[in-house]
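Residue-level listing of the chains:
Protein chains: 2
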Amino acid sequence: MDIKYLYYKHETLKEQKITIIGRVRSNRQGKAVSFMVLNDGTTLNDLQVVYKEETEGFDEGTKSRVSSIVEVEGILVPTPSRAQPFEIYATTITLLDQAIQDYPLQKKEHSPEFLREISHLRARTKTFQAIFRVRSTAAYAIHKFFQENNYVYVTTPVITSNDAEGAGEQFIVTVNENKDYANDYFGKKASLTVSGQLNGEAFAQAFKKIYTFGPTFRAENSHTTKHASEFWMIEPEVAFADLNQNIQLMQDMLKSVISYVLQQNKAELEFLQEQLEPGLIEKITGIVNSKFKINTYEEVLDILQKAIDNGHKFEENNIHFGLDLGTEHERFICEQINKCPTFVVNYPKEIKSFYMKLNEDGKTVAAADLLVPGIGELCGGSERESSLDNILERCEFFRINPEELDWYIGLRKYGFYKSAGFGLGFERLIMYITGAANIRDVIPFPRTPKTLLY
Amino acid sequence: MDIKYLYYKHETLKEQKITIIGRVRSNRQGKAVSFMVLNDGTTLNDLQVVYKEETEGFDEGTKSRVSSIVEVEGILVPTPSRAQPFEIYATTITLLDQAIQDYPLQKKEHSPEFLREISHLRARTKTFQAIFRVRSTAAYAIHKFFQENNYVYVTTPVITSNDAEGAGEQFIVTVNENKDYANDYFGKKASLTVSGQLNGEAFAQAFKKIYTFGPTFRAENSHTTKHASEFWMIEPEVAFADLNQNIQLMQDMLKSVISYVLQQNKAELEFLQEQLEPGLIEKITGIVNSKFKINTYEEVLDILQKAIDNGHKFEENNIHFGLDLGTEHERFICEQINKCPTFVVNYPKEIKSFYMKLNEDGKTVAAADLLVPGIGELCGGSERESSLDNILERCEFFRINPEELDWYIGLRKYGFYKSAGFGLGFERLIMYITGAANIRDVIPFPRTPKTLLY
Numbered sequence: 332m333d334i335k336y337l338y339y340k341h342e343t344l345k346e347q348k349i350t351i352i353g354r355v356r357s358n359r360q361g362k363a364v365s366f367m368v369l370n371d372g373t374t375l376n377d378l379q380v381v382y383k384e385e386t387e388g389f390d391e392g393t394k395s396r397v398s399s400i401v402e403v404e405g406i407l408v409p410t411p412s413r414a415q416p417f418e419i420y421a422t423t424i425t426l427l428d429q430a431i432q433d434y435p436l437q438k439k440e441h442s443p444e445f446l447r448e449i450s451h452l453r454a455r456t457k458t459f460q461a462i463f464r465v466r467s468t469a470a471y472a473i474h475k476f477f478q479e480n481n482y483v484y485v486t487t488p489v490i491t492s493n494d495a496e497g498a499g500e501q502f503i504v505t506v507n508e509n510k511d512y513a514n515d516y517f518g519k520k521a522s523l524t525v526s527g528q529l530n531g532e533a534f535a536q537a538f539k540k541i542y543t544f545g546p547t548f549r550a551e552n553s554h555t556t557k558h559a560s561e562f563w564m565i566e567p568e569v570a571f572a573d574l575n576q577n578i579q580l581m582q583d584m585l586k587s588v589i590s591y592v593l594q595q596n597k598a599e600l601e602f603l604q605e606q607l608e609p610g611l612i613e614k615i616t617g618i619v620n621s622k623f624k625i626n627t628y629e630e631v632l633d634i635l636q637k638a639i640d641n642g643h644k645f646e647e648n649n650i651h652f653g654l655d656l657g658t659e660h661e662r663f664i665c666e667q668i669n670k671c672p673t674f675v676v677n678y679p680k681e682i683k684s685f686y687m688k689l690n691e692d693g694k695t696v697a698a699a700d701l702l703v704p705g706i707g708e709l710c711g712g713s714e715r716e717s718s719l720d721n722i723l724e725r726c727e728f729f730r731i732n733p734e735e736l737d738w739y740i741g742l743r744k745y746g747f748y749k750s751a752g753f754g755l756g757f758e759r760l761i762m763y764i765t766g767a768a769n770i771r772d773v774i775p776f777p778r779t780p781k782t783l784l785y
Numbered sequence: 332m333d334i335k336y337l338y339y340k341h342e343t344l345k346e347q348k349i350t351i352i353g354r355v356r357s358n359r360q361g362k363a364v365s366f367m368v369l370n371d372g373t374t375l376n377d378l379q380v381v382y383k384e385e386t387e388g389f390d391e392g393t394k395s396r397v398s399s400i401v402e403v404e405g406i407l408v409p410t411p412s413r414a415q416p417f418e419i420y421a422t423t424i425t426l427l428d429q430a431i432q433d434y435p436l437q438k439k440e441h442s443p444e445f446l447r448e449i450s451h452l453r454a455r456t457k458t459f460q461a462i463f464r465v466r467s468t469a470a471y472a473i474h475k476f477f478q479e480n481n482y483v484y485v486t487t488p489v490i491t492s493n494d495a496e497g498a499g500e501q502f503i504v505t506v507n508e509n510k511d512y513a514n515d516y517f518g519k520k521a522s523l524t525v526s527g528q529l530n531g532e533a534f535a536q537a538f539k540k541i542y543t544f545g546p547t548f549r550a551e552n553s554h555t556t557k558h559a560s561e562f563w564m565i566e567p568e569v570a571f572a573d574l575n576q577n578i579q580l581m582q583d584m585l586k587s588v589i590s591y592v593l594q595q596n597k598a599e600l601e602f603l604q605e606q607l608e609p610g611l612i613e614k615i616t617g618i619v620n621s622k623f624k625i626n627t628y629e630e631v632l633d634i635l636q637k638a639i640d641n642g643h644k645f646e647e648n649n650i651h652f653g654l655d656l657g658t659e660h661e662r663f664i665c666e667q668i669n670k671c672p673t674f675v676v677n678y679p680k681e682i683k684s685f686y687m688k689l690n691e692d693g694k695t696v697a698a699a700d701l702l703v704p705g706i707g708e709l710c711g712g713s714e715r716e717s718s719l720d721n722i723l724e725r726c727e728f729f730r731i732n733p734e735e736l737d738w739y740i741g742l743r744k745y746g747f748y749k750s751a752g753f754g755l756g757f758e759r760l761i762m763y764i765t766g767a768a769n770i771r772d773v774i775p776f777p778r779t780p781k782t783l784l785y
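As you go down the protein sequences, you meet chains P and S in turn. For what it's worth, our numbering labels the leading residue of the first sequence as 332, then goes sequentially. For what it's worth, our numbering labels the leading residue of the second sequence as 332, then goes sequentially.
Careful: at least some of the hints might be erroneous.
No distinction is drawn between identical chains; accordingly, a pair holds when it is met within one copy or between any pair of copies.
[Said to hold, decoys possible] List time: in silico EDC-like cross-link candidates among lysine to aspartate or glutamate, alpha-carbon distance up to 16 Å:
#, residue 1, residue 2
1, Lys519, Glu508
2, Lys520, Glu508
3, Lys335, Glu479
4, Lys749, Glu691
5, Lys694, Glu724
6, Lys394, Glu384
7, Lys781, Asp511
Hints are computed from structural coordinates only; laboratory data are not their basis.
Start from the sequences and build out the full structure, keeping to the hints where you can.
See the structure below:
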């Protein structure tokens, strides 16, 4: 039986015989009785086992070290007055596999830094059990949302020859390691993808509504708490859709995903709220219940300038058209002014990507970033440029050689009427939902500069 | 409105005004009326639009080329006597974006080879719409099966330093391209993963039941119809489980996934049956309804030897203990002898991986391959070796340096009682379900030696 099942069914199982296999979290001998706490990973909840000298296998029980695997047969006894609703009174304990004495995760507080060094073991701690279970639920909620809305899941390639997107530094993929690309595996220079968007857009022309969900990579030498070299992105794309529909989609998706996690992982979120971020559940429930606000970029500039005029100090106080908003500005807008998630739309064309649709004003593009309280930018999207002339001009501006992306740019020649989509960094969402402060703590085996463990 | 919605609701929408945006598949002028066939990607079904000189935008309508995007307003008229259940009598046609004359996908038969050259466009053909929609549904069905059974989804790393698994040739990931790994991005040699299994096993020790579903890579110079350089794998792992439970899991998962696709993608499967593989639906329905059979490897050798003695000729007729069964042998067993999907268990230890549990006979390991009619091996799994001594001995046999995998091998020191799992190549499953004969045709943007398009 799973411990999850016992918690689910303990009322109908009372006084009945049950059998459990689990890992020892702690084991202590009292005068009259001994206590063993087991966990089997199926739920955050532990199982308390009570055993005595009369218990068959008492000696094996007493010598079972932390992290050993034991099998317990016993009777389920309700304990309504205690923290846990029931215990198991063991009739038999079998030590199935003994752990060594110096198991690194003894019952005490460990620093996140230490735990990152043992990422093959840290998922056994309650905090990481909670984080990684939420991650799993959220991934499923994303698939569920899109599939139930008739989006086609497209796995875009990890190895790519696109290197002109300008989204970030790329890793090279090679078998020869000698820069002789003509004789390398693919006969040309190959890299790890920074985004599946361009490929996804091609498929949106075929299926109208698609989404990608896969790993993406940056070879940047970033050592922040928000950057990893390998992370997962969700990139939906909808043909015949404009920026407003894109904004609605971001909102619908986020609300749907967070609602599902709230419903499925209540225990995990309560634990994380206690351990990592006070007010966590209220914060994410707020996303579900908010009506998101929309401000234009120029409105945001006005708001920021007024705040400065009234004495507010940012680190960057030179507010001007063309400014790339910092996290301080983003958080100010959604936390202090709007007090709700906020879309900022119509950014200056110079600070956004070449594929974004030029607005009629000739100076802004149809882009929308979603800012959320507590974090700033959570995801960003745009309507795509449908005019071949405009996109070629934008390539020139950004010094992108359009021939290297002719397949993508050329989609505009074969019937192209609006397309819009966005990118959501999956780990950033998980940090937001779990309260984890470091991206390394929401990725099972994180990859960062000079760190490649397991 | 989506064309999918029209097909779903056409009975209640009859004689009503509807508006549709779609891509022109064909457009021909008759004497009295003209016909335009539209598709919007939301369903395999096309929409027939009838228009006349009185139709507003008639001229735009007549000049709309194949692949152009048009908006049609009109009345939904039932046509019970024809192939399609209804048509649209257009009142207004607007040409939203005209395609160029030489759009590569004109209405005619195209070879799969030609279509592979334009993988950014081929999803617009009916065959690829059907294949990639089935792919999407099947991916979701896999998540659904595992999530509903309390498995935790683990995204295992794509970039890895594990290079001792022996599962295949690896791509190098680098920023320096000079083999000076100490000064490279990660400070050590980095490769693209060949399997997430080992990382997944570590997480199964934390959550009991986990699954991976992500891209894996082989740098082998294979030019077959079954090998790609980048493909997706599903690798579930269950702690405290043995080979029999693993076999049951493979069976349950496959039946669940195929049932879901049969239920969701009936139209796609019927189209693929017609285009790619006669009998397709019966074949896959057979998987759902079969009781799978189990044979030991040695039983299989006996059956093959008897067949040879009775005059059957294989390409490989030297049947002996240690033989790596070929596809011809695998198909013979499940097609000719058992006439149902068949697990072959307990393979010679020399031909299977170092991490598989050594059986008590000392010569076989607790491995199980699933053979299915029409294809041979579909997936393979094993119970994992739990004895530290045994696994070290196996490393020595395969000349694997155990220090390079000490984190994985060392899991056995911290309480390890049985663990079993399997690997399923996602594309192989999709080939099986869709009838596609070439792996390049079930991957949106396939990667193979010397081929890196889009």
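Taking the hints in turn, this is what the structure says about them:
no.	hint	verdict
1	Lys519 / Glu508	both (12 Å within a copy, 14 Å between copies)
2	Lys520 / Glu508	both (11 Å within a copy, 12 Å between copies)
3	Lys335 / Glu479	between (28 Å within a copy, 13 Å between copies)
4	Lys749 / Glu691	within (15 Å within a copy, 65 Å between copies)
5	Lys694 / Glu724	within (13 Å within a copy, 68 Å between copies)
6	Lys394 / Glu384	within (13 Å within a copy, 91 Å between copies)
7	Lys781 / Asp511	between (26 Å within a copy, 13 Å between copies)
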